[in-house]
Structure formats: C-alpha cells, structure tokens
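Just so you know, the sequences run in chain order A and B.
At position 107 of the first sequence the residue is numbered 107 (the working numbering), and the sequence of numbers has no breaks.
At position 83 of the second sequence the residue is numbered 195 (the working numbering), and the sequence of numbers has no breaks.
One thing to keep in mind: the hints can contain errors.
[As the list claims (entries may be wrong)] Cut-off 25 Å, straight-line C-alpha distance, at most; resulting in silico cross-link-like pairs (DSS-like, lysine-lysine):
1) B:K224 with B:K211
2) B:K316 with B:K231
3) B:K334 with B:K211
4) A:K51 with B:K128
5) A:K55 with B:K128
6) B:K231 with B:K128
Keep in mind the hints are simulated off the structure, nothing from the lab.
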Amino acid sequence: MLPLIGLLAGIALGLVLNIPIPPVYSKYLGIAVLAALDSAIGGLRASLEMKFNDKLFFTGFFSNTLLAAFIVFLGDRLGVDLYLAAVVAFGVRLFQNLALVRRHYFQKRHWE
Amino acid sequence: MKYFRSFITALNSQAKRTQIAIAAVTMLLGILIVTQLRVHQSATQALQNATESDLTQIVSKLDGEINTLRVEAADLQLQLFKIEQASNNSAEVMTESSKNLNNLKIIAGLTKVYGPGIKALVTDEDATLRAYDMVDIITELRVGGAEAISINGIRIVAATGISETEGTISINQKEVAAPYEVLAIGNPEVIHDALVIPGGIRDKLSSLTGVSLYITKDNEIKINAASPKKLSNK
Numbered sequence: 001m002l003p004l005i006g007l008l009a010g011i012a013l014g015l016v017l018n019i020p021i022p023p024v025y026s027k028y029l030g031i032a033v034l035a036a037l038d039s040a041i042g043g044l045r046a047s048l049e050m051k052f053n054d055k056l057f058f059t060g061f062f063s064n065t066l067l068a069a070f071i072v073f074l075g076d077r078l079g080v081d082l083y084l085a086a087v088v089a090f091g092v093r094l095f096q097n098l099a100l101v102r103r104h105y106f107q108k109r110h111w112e
Numbered sequence: 113m114k115y116f117r118s119f120i121t122a123l124n125s126q127a128k129r130t131q132i133a134i135a136a137v138t139m140l141l142g143i144l145i146v147t148q149l150r151v152h153q154s155a156t157q158a159l160q161n162a163t164e165s166d167l168t169q170i171v172s173k174l175d176g177e178i179n180t181l182r183v184e185a186a187d188l189q190l191q192l193f194k195i196e197q198a199s200n201n202s203a204e205v206m207t208e209s210s211k212n213l214n215n216l217k218i219i220a221g222l223t224k225v226y227g228p229g230i231k232a233l234v235t236d237e238d239a240t241l242r243a244y245d246m247v248d249i250i251t252e253l254r255v256g257g258a259e260a261i262s263i264n265g266i267r268i269v270a271a272t273g274i275s276e277t278e279g280t281i282s283i284n285q286k287e288v289a290a291p292y293e294v295l296a297i298g299n300p301e302v303i304h305d306a307l308v309i310p311g312g313i314r315d316k317l318s319s320l321t322g323v324s325l326y327i328t329k330d331n332e333i334k335i336n337a338a339s340p341k342k343l344s345n346k
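Isolated chain B (complex conformation) (with noise of 0.2 Å):
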C-alpha cells in the first residue's frame, strides 16, 4: 500500500511521468529489438554463427556433395540410355527377325502367300513347250522379284524340280499340261516389264508354234504353300 502510493505520487510528480512514459517506450523499444534480432537471426543463425574456416568447410562439402550428385545422375543417366538402347534393340531385333522369318517362310513355300502380281497363261498347243521354257519363265519370274510363284497350282520354290518326259513337263514328279497358269507374286509392273522386255522371254515364248503368253495383273492374288509331302522329299 505504502508502496501503490508512493507510485501514485511519483505518477502525479511530472518528471517522474516523464520518466515512466519514456521507460514505457523504451521497454517497447528493448521488446521489439530481441525480436527483431531473434527474427532476423534465426534465418541467418547456421551460417552467421559459423567462422570463415567453418564456412569454407561447409561450401567444400556442398561441393563435394555436388559433385557426387552429378556423378550419380550421369550415371544413372547412362544407365537409362543403355536400357532404351537395348530394349530398343530387342524390339528392332524382334520385329527384324519376325520379318525375316515371314520372308523365308514365302521363300520356302511353307506359307500361303495373298498379294498383288500377275497372272499369266502359257498356252502349248503343239507341245512345243520344253522343261527349260519352263525353267526360263520362272527365272524371268525371279528377275522381276517375284516373292511366290506357282504353276498349275503347284507351288514353285528353291527345291522344286522341273522334268520332262517324251514331251510332257513335270513339276516335282507331277504332270502337268498346258495350257499352263502361271502365278506370281510381286510388284505387277516390275514382274510385268521382266517379262515383256524385248529380247525376252515372251518373244522367246513367241517364235515357238502354238505357244502364246497373257499377261494379267492383278492386286489380288493367292498362292498355297508347297505340300508338306513333296518338302519332306527332297
């Protein structure tokens, strides 16, 4: 109490209220200024405490630290890329191989084969056609880059032979007679022009009697596979 009012005059006393209303602010002041500071240093605080070595040492880690990061990522890097260059390569090996397969299939007669070439009727009516005509047709067939070939619904491939006997022609031990279709898959103009060039097998096929060559082309032409039997033959 003796206290209270001894605060209560010292209030009414003029200089002391000078005093208490600057002490006021300057404890205001004395508040803001740790916060401020405290604010100011917790941003701040790891680094501003830290002397030069230490900070030297800091950086020289970073780096460090940098350098190991970069390392791993280019390395990672190379991984990725050597995993896409190989699963691309498997892919294009796949696709390569499956192509390769298809075309060797053709190739051997094991599959049938729809496409567009040209149908050609050889016709004999005195039977002066020979085995080697034959073969020549079909030579001149390959020329012009025929994929599949087949005569008489027998289909042509590497292993099939052509024989004759007292004029009839055989294909694989097999008679055949004219007049003789001949089918064959490919490009139809190239197979087309193989075939018509001049000096070529059509005006060979004309100067013999009775034999004559149509040509058609046709966008849509099948051919069977080779019979299992006759392969398993050879």
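Bound conformation, chain A alone (with noise of 0.2 Å):
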C-alpha cells in the first residue's frame, strides 16, 4: 500500500517541480527510469521472500543507477548503442523478479 502512494505522490511530485531537463539526457533518464523500476520490484520481491535488507536496498538502487548511466555515458562516447546492455539487464530483471513475486502471491495463498 505504503508503496503505491509514494508512486502516485512522486507523480504527483513531478507534475508539481517540472523539473527541466534538456532532450539530450532524456536516454539517461529513461535508463534511471529502468533502474528505479527494476529497484521497487526487487525490493518487492526481497520483502516478500523476508530478505529484505534496507542498506542493501539502497546501496543496490544508487550503484544501479550509476553504472548504468556510466554505461549510457560510455557508449555514446563510444558511439556504441551500451545502454541497451543496461536496458537488457534491467528487463531481464524485471521479469525475473516480477515472475517471483507472482509464484510468491500464488505460493502464498495455496497455503493459506
């Protein structure tokens, strides 16, 4: 529940700051994007297999974040499409850990 809100209040936040931001580093943040996505969903997951380390799940989110606008930053400077390893790994990710947290829910209720 807790969640949710805070995406519907960052939505919110966001309508509200309009944060500028010019068109070249729209490719970053699309990859933060994924990051911040792929961050929640992992964290979801963790919480629902009680693994859930808040230090772990910071320091996970923000070293993310970095190296895949690292790698963003490198291939266009290399003039390699890199970000799309990011994009891939982030995806991959996020249907591993979505396809978990669905076994989780469905594991969840057989046994009640």
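Make one complex out of these two single chains by using the hints.
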C-alpha cells in the first residue's frame, strides 16, 4: 500500500516540480526509470521473501543507477549503443523479479 | 507528537521499514517517469497529439508552402537573371557604341589618331603624277585597311576632294607639291603588302618617269584631325 502511495506522490511531485531536463539527457533519464523500477520490484520481491535489507536495497539502487548512467555515457562516447546492455539487464531482472513476486503471491495463497 | 512517535515505531518495525524504503524508491520512480514523459513529449508534443487527418493536413499545408516558396524562388531567380542580362547588355551596348563612335570619329577625321602604320614618300620630279594616281594610292591604302590617311599633313576623309589644275594637284582646294608624304595608320604589314603587290600601285607608279615610292613601317604615327573649316564647307 505504502509503495503505491509513494508512486502517486512521486508522480504528483514530478508534475508539480516540472524539472527541466534537456532532451539530450532523456536517454539517461530513461535508464534511471528502468533502474528505479528494477529496484522497486526487486525490493518487493525481497520483502516477500523476508530477505529485505534496506542498506542493500538503497546501495543497490544507487550503484545500479550510476553504473547504468556510466554505461550510457560510455556508449555515447564510443558511438556504440551500450545503453542497450543496461536496458536488457534491467529488463531481464524486471521480468524475473515480477515472475518471482507473482509466484510468491500464488504460493502464499495456496498455502493459506 | 503522537504521529511522530508512531512514525518512529513504524520505522523500527521491519515490515514498515521495508514498505517505506520501497515507497521512497517508487516515489523517485514516479518523479522520474513524469519528468521523462514530459521531456519526451515536449519534443514531439505537437505531432504526437495530432490525429492522422491533422497530420495529413499539416503535411499538405507544408507541401503547399514549399511549392509557393519554390515558385517564388524561381520567379526571383528569373528576375535576377533578367536584371543581370539587362545590365550586361547595357554595359555591352555602352562599350560597343563608344567603340563605334570612336571608329566613326576616326573615319570622319574628327580626332587625332596615333598608332602603327606606314609612312610613304612619293617623289614626283617631272610632275607626271596625276590626281587619279593620288586617288589610286589612297584607294590602295584603304584596301590595305588603313583607318586614317593624310597627305602632306592633310587628313583624307570620305569628303576630301582631290583635284588637278594645270598639272598641280590640290587636296580640298589646297595645292600640294611633291614630294608627297603619305601617312596611313593601320596594320603596317597589310598596308605595305597592299602597296607592293605585283601589278599594284607601286609598279604602276614606277612606270611613271620621275615617280618613286618609298615605304617605311612605323609603330608610332600621328595623324591630325581634319580641319573643321574644311568639313563645314562640304
């Protein structure tokens, strides 16, 4: 429940703040969105598995985002679409985590 | 205070901490998504919101504008071309007509003429040279392309009259005496060849007793203008 409230609050905040970002960096922002989504789903999964560690969670979020940003930057410099690597990595993990979350809910319901 | 304490206790409970952490990240996610959507949209907003018919209309409008501008550009280019041509033409006409004017002035004997040509000396010790021989000399010089001719300092033009009374030759009613100094401006080689051609004027003059023709080429010959008084008399 709280994560959903957080998401809505974030959307509202984003609409209110209207952060100006040059279109050049929209690629970075897209990767940041993916990293945040990955962390959120990953955190959800960890919490469902009762393995959640907030230090791990936050460091993971920031290190993933920074690495992704670096990869995008490197790709831009090398002229190679390296950001696809970040997209694929985050995408795969997203689907995996989502699958595990799904499984967890169904198994829980099954047990009850 | 009560809320704050409950917030602290909530923070302390593991489940709530998890929830809050995830909520923090999802909030960040929300901000990021909104920002990204806005950035992405601002670039293509106008076209993204347009329906297919709107887009078609926009495209056809732009096409029309392009065509109009193309037509305008072609028109302007044509105008430019015309103006250029006109200016070229007028400049050409100017130079051409001033050249013509100069030529006509030379022919009419209105101006002094300088240039390469020949100097011919005709001796006539026994006074056997007739007026028509003089005319022949002038004719041959003209055949050789002489632009300006003078005999004993008198400019020979179209209106110049050559006459003879009792063996004395007059040019424009002015008596001239041998030796006659004939100046002609033109291509020296051509004029020289015209005079010395076999059976030409030199051979003809040589057959007369006491008459001889000496021709020298000169690169700097000056011929004065015809005297205005004589021209106005005509």
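Hints numbered earlier in the text: which of these fail when held up against the supplied structure? When the structure is compared with the hints, only number 6 turns out to be violated.
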